[in-house]
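One-letter residues, chain by chain:
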Amino acid sequence: MSEPMVRAEAVHKRFGRLEVLKGISLEVKRGEVMCLLGPSGSGKSTFLRCINHLEKINSGRLFVDGELVGYRESNGKLYELRDNEITQKRSEIGVVFQQFNLFPHMTALQNVTLGPVRVKGLSRAQARDKAIELLGRVGLDDKVDTYPVALSGGQQQRVAIARALAMEPKLMLFDEPTSALDPELVGDVLDAMRRLAHEGMTMIVVTHEIGFAREVADTVVFMDEGVVVEAGKPDEVLNNPRHERTKTFLWKVL
Amino acid sequence: MSTSELSNERTERPEEIEAVPVRHPGRWVAAVIVLLIAASIVRSIVTNSNFEWHLVGQYLFDARVLRGVVKTLELTVLSMLIGVILGVLLAVMRQSPNPVVSGASWLYIWFFRGTPLLLQIFFWFNITALFKRIDLGVPFGPALIHANGNAIITTFVAALLGLGLNEGAYMAEIVRGGFLAVDEGQSEAAHSLGLSRLQTMRHIVLPQAMRVILPPTGNETISMLKNTSLVSVIAMSELLYTVQQIYDVNYKPIPLLIVAAIWYLAMTSVAYVGQYFIERRFGRGFSRAQQATMRERWLSFRHAQ
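Protein chains in written order, with numbering that gives the first Met the number 0: chain A, 0 to 253; chain B, 0 to 304.
Everything labelled a hint here was simulated from the structure, so no lab data went into it. Be a bit skeptical, because a hint or two may be false.
As the list claims (entries may be wrong) - What follows is a set of in silico ranges between Cβ atoms, one per label pair, in the way DEER data are often shown:
id, chain 1, residue 1, chain 2, residue 2, range
1, B, Ala18, A, Ala149, 37 to 45 Å
2, A, Gln87, B, Leu88, 21 to 29 Å
3, B, Tyr271, A, Ala149, 44 to 52 Å
4, A, Ala149, B, Trp52, 48 to 56 Å
A virtual CB, placed ideally from N, CA and C, is assigned to each residue, including glycine.
Modelling step: build the complete structure from the supplied sequences, incorporating the hints.
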């Protein structure tokens, strides 16, 4: 059995006196799609941000691809990683945000080529070819030279997915990717994600799309108030939840 | 059901409204007063021979005046250059996680914004009273370059230091405001791609901050064009000091001050036009039609809060 892509051991995260994560332990295997469900404020997004070291955890251990996130451990002591080491590790993890966060002063193409050119050192031509291919895969061949303001929310989010994929990540994190979209635009984004899952990408998806979780997820995790309430196969958690809190939540969402 | 009935009931368009407009007698009174004042000013300009318009024409392109204009432009460009570079540096320092670095930036801004520009200009002009010799080298260590203070701090350098260092403090606040206007999600997205802090600053934050930084920077440039006249107090022969020197000899201050005013107006007007084109260049991705929708989004976002 190979090392899982993500391993969390009793991860705690505090903001001041507010404890947002109270001991999260879970594993995401390679090629697995995990959906994180739960009411807002339950710590799903914070956990996602910890994986990418956008937030520092206060206790516990968090591993990506077998390596500690943000630290190096030797002789039982933790050493903070240097900025460039953190940067290097971040470049291997793709993130798609709820608010897209496309760079508004760049065209769709420039958004997608920025990382490969500046971080991976690809030539502009190479990056361009790859970006056009990626934008084609998310159905935006005709929007290559368009600025984000002229794109719909769904199109922006698909550019954001292409931008993350251009770095050839080994892990993709989705933070409520469809929550800011009009209902009729959600489908295209979910389609792109579904295809990605079938291609074997390891994905952690924070979402309220129960249908997507049921269909695509290998594991569904239900979080509430900073703890994992319940985790398992989609039909276990979604159809036969064992915990009262999961039942109440699903009853409200569905 | 009822809606289709309603639409069927719609008859032909009613006649155009033709109402008697409200009268605004106050507007007429105000206009007459303004025109009367303007007419009396124009009459005095034309009839008062003390304006000596022929002298204005004579001195407008005088070689000394033109040299003064060039000096004013040089001072403006170089001071703004110092100001902008210093401003960006101070703004970046202000964002530093290192409290000593950000504190130093704060202190600099506090000092240079808290004392009058005129005082600062006098101060730099007299700096050689503090330092007779200027040594460049390792702090508290051996000096590498020795120089006579008076040789380095010429009037021009004192003027540049006075204007540029002061401008740096104001530009720092403008640049910082620009940084703050860029959504945090932008930096996070850039970091997630693996861009370093410096790359994020250069490729993501600065270009977007530019849109916010440029309009006030244009205003600063226009202010600087006029503020250069302050260095006339240290006998720096820019435009104002030049015309002062001329009227000290011929005792014709009014026509020569008008000459200076015309040149300042011409220079600031050109600066206005330049500002317009530069702002358009950095509006990419935020073009006018789309700006409205951005604004609407922002408003609706705020209402949703």
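Hint check results:
no., hint, result
1, B:Ala18 with A:Ala149: 37 to 45 Å, "holds (42 Å)"
2, A:Gln87 with B:Leu88: 21 to 29 Å, "holds (27 Å)"
3, B:Tyr271 with A:Ala149: 44 to 52 Å, "violated (30 Å)"
4, A:Ala149 with B:Trp52: 48 to 56 Å, "holds (55 Å)"
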